[in-house]
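**Q** Now for the letters of each chain:
There are 2 protein chains.
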Amino acid sequence: MKIKKSEIKRKNVIGVFDSGLGGLSVLKNFIKFLPNYNYLYLGDNARVPYGEKSSETIYEYSRQAINFLFSSGCNLVIIACNTASAQALRKLQQEYLPKHYPDGRILGVIRPLAEEVIKRNKKNIGIIGTKSTINSLSYIKEIQSLNKEIKVEQVSTPLLVPLIEEGWIKKPETKMILKKYLRPLKIKKISMLILACTHYPFLLKDIRRICGKNIEVPDPGEVVAKSLKKYLSNHPELKLTKVKNSKKDFCFTDNSILFKNLAEKFLKKEIKDFKLINLNEF
Amino acid sequence: MKIKKSEIKRKNVIGVFDSGLGGLSVLKNFIKFLPNYNYLYLGDNARVPYGEKSSETIYEYSRQAINFLFSSGCNLVIIACNTASAQALRKLQQEYLPKHYPDGRILGVIRPLAEEVIKRNKKNIGIIGTKSTINSLSYIKEIQSLNKEIKVEQVSTPLLVPLIEEGWIKKPETKMILKKYLRPLKIKKISMLILACTHYPFLLKDIRRICGKNIEVPDPGEVVAKSLKKYLSNHPELKLTKVKNSKKDFCFTDNSILFKNLAEKFLKKEIKDFKLINLNEF
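So the sequence lines, in the order shown, correspond to chains A and B. Okay, so the first sequence: first residue is 1 according to my numbering, each after it adds one. Okay, so the second sequence: first residue is 1 according to my numbering, each after it adds one.
Bear in mind the hints are in silico, worked out from the structure with no lab data behind them. Treat the hints with care, as some may be off.
A pair counts as met if it fits within one copy or between any two copies, since identical chains are not told apart.
[Said to hold, decoys possible] Below, a list of computed lysine-lysine pairs in the PhoX-like style, where the Cα atoms sit at most 20 Å apart:
{"id": "1", "residue 1": "K260", "residue 2": "K131"}
{"id": "2", "residue 1": "K213", "residue 2": "K265"}
{"id": "3", "residue 1": "K265", "residue 2": "K119"}
{"id": "4", "residue 1": "K32", "residue 2": "K9"}
{"id": "5", "residue 1": "K170", "residue 2": "K148"}
{"id": "6", "residue 1": "K213", "residue 2": "K28"}
{"id": "7", "residue 1": "K170", "residue 2": "K180"}
{"id": "8", "residue 1": "K205", "residue 2": "K99"}
{"id": "9", "residue 1": "K265", "residue 2": "K131"}
{"id": "10", "residue 1": "K179", "residue 2": "K32"}
{"id": "11", "residue 1": "K91", "residue 2": "K265"}
{"id": "12", "residue 1": "K9", "residue 2": "K260"}
{"id": "13", "residue 1": "K189", "residue 2": "K123"}
{"id": "14", "residue 1": "K230", "residue 2": "K272"}
Quick caveat, the model's predicted, so the values are computed rather than measured.
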């Protein structure tokens, strides 16, 4: 990078980073609840999924992504990926950002969901996510940092992402697998379930039906979008201002013939144009 | 790289490259059928799976891997990964290798399986594999290059890898999904099924049971190992000689806490030591 990082101009853009396409379900909610902002979405679909990689690798890939987004002029970056939020966010916020982009801010998706638990006054929480997110214990730590008394039960559910990406949302096999995954949480009598993966909202209807009326299952994208709305109104120093004609730009690390259809399924909108980038250079 | 590539000494080692851990099921067969050789296994588990990436990305990742293995002194490299064999092998053999390692050789896994079809005199073949392998049409091209009359039916079966990696081999859901995937091939009355993914042999028993006695399902690792044995005896110029105490070295691109167990399941042996490498430098 030839330009000194601290000299890069902020361009009134919110960056959204995800390990792949799942983050588009979060971006979709941003566009719904915060339509008058510019967005730059970065999906690292060449190296997806992050869910079973080491924390060192997840940190390095996330650092490259963050470096790309801030050097592209983002004022604020949301890490939409639960795995990267769990494994890389804190170190990026505490070490990388102050050194390289002191005027930038990074937010994850775990904190808003932990705050939702408190808001809904729930005491017995279930979490489903990738192996890496579950093993990181990040949700437990975040929720219990807000209230030590809250009990949290976790189950890793690694088959859900491939089932969703395969388009098997309505298949009986998917329902069977969901029931099997959710059984231990129902036995523990949880009163709220957190979907700790950007893909899972695609199964929201079935998950809610299996959970029954005693378990609340918020849409995580909606929770994160509403939390971002509040954050923006509390942080005018970020200089993110509303625009009339909002721009949405997309960057991906791989141009697979398979990904465009899937991306549009996530966003519920056509992606007309995107830039292909190589994150190893960042 | 400081050393001139053509000056690197061949060290009497067979390289085995895979996008992750599945190739260990191939290596296991090499060790069984060709025990007196040295092996260097490279698994790109930081960037696994390759199955849904673009052919450009698969080529670039495979090129780095091949560069690493030959610059480490391998005489011959087997690409155990079907996706990389389908998407990158030919270009590596025809362009990259002659320029950079003219004394090296690369083999894939598709040719030996295509030859097995001829050997068994089968005329109606089924293939199951990842989306990328299936979309590449590589098996169809390879088989029909040997005999144009052979009919080939393909089905992509992307849920099998996650089911196997999750350890759900004996679960009823896996059997249901397998039956669903194999149904269109059974309807087409195939007489031989090729498992075009290194993971699938873990389901060999169930696949054979579902296929019934009219469909032959060879173990692909065994086919590839026997083909390699023949290749070595026909190619003394490779200077691969038998050794008394065979060395097996392992390199991976990610040190995830989750991978070691899985790796040992594939190899059916403990992996005591391995080197962590960064392929982006190659």
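**Q** Next, verify each hint and record whether it holds.
**A** A quick look at each hint next to the structure:
no.: 1; hint: K260 x K131; in the structure: between (26 Å within a copy, 14 Å between copies)
no.: 2; hint: K213 x K265; in the structure: neither (28 Å within a copy, 41 Å between copies)
no.: 3; hint: K265 x K119; in the structure: neither (31 Å within a copy, 44 Å between copies)
no.: 4; hint: K32 x K9; in the structure: neither (27 Å within a copy, 61 Å between copies)
no.: 5; hint: K170 x K148; in the structure: neither (38 Å within a copy, 39 Å between copies)
no.: 6; hint: K213 x K28; in the structure: neither (27 Å within a copy, 50 Å between copies)
no.: 7; hint: K170 x K180; in the structure: both (16 Å within a copy, 14 Å between copies)
no.: 8; hint: K205 x K99; in the structure: neither (44 Å within a copy, 56 Å between copies)
no.: 9; hint: K265 x K131; in the structure: between (24 Å within a copy, 18 Å between copies)
no.: 10; hint: K179 x K32; in the structure: neither (31 Å within a copy, 41 Å between copies)
no.: 11; hint: K91 x K265; in the structure: neither (32 Å within a copy, 33 Å between copies)
no.: 12; hint: K9 x K260; in the structure: neither (31 Å within a copy, 45 Å between copies)
no.: 13; hint: K189 x K123; in the structure: within (11 Å within a copy, 57 Å between copies)
no.: 14; hint: K230 x K272; in the structure: neither (30 Å within a copy, 51 Å between copies)
Violated hints, in rising order: 2, 3, 4, 5, 6, 8, 10, 11, 12 and 14; the structure is consistent with all others.
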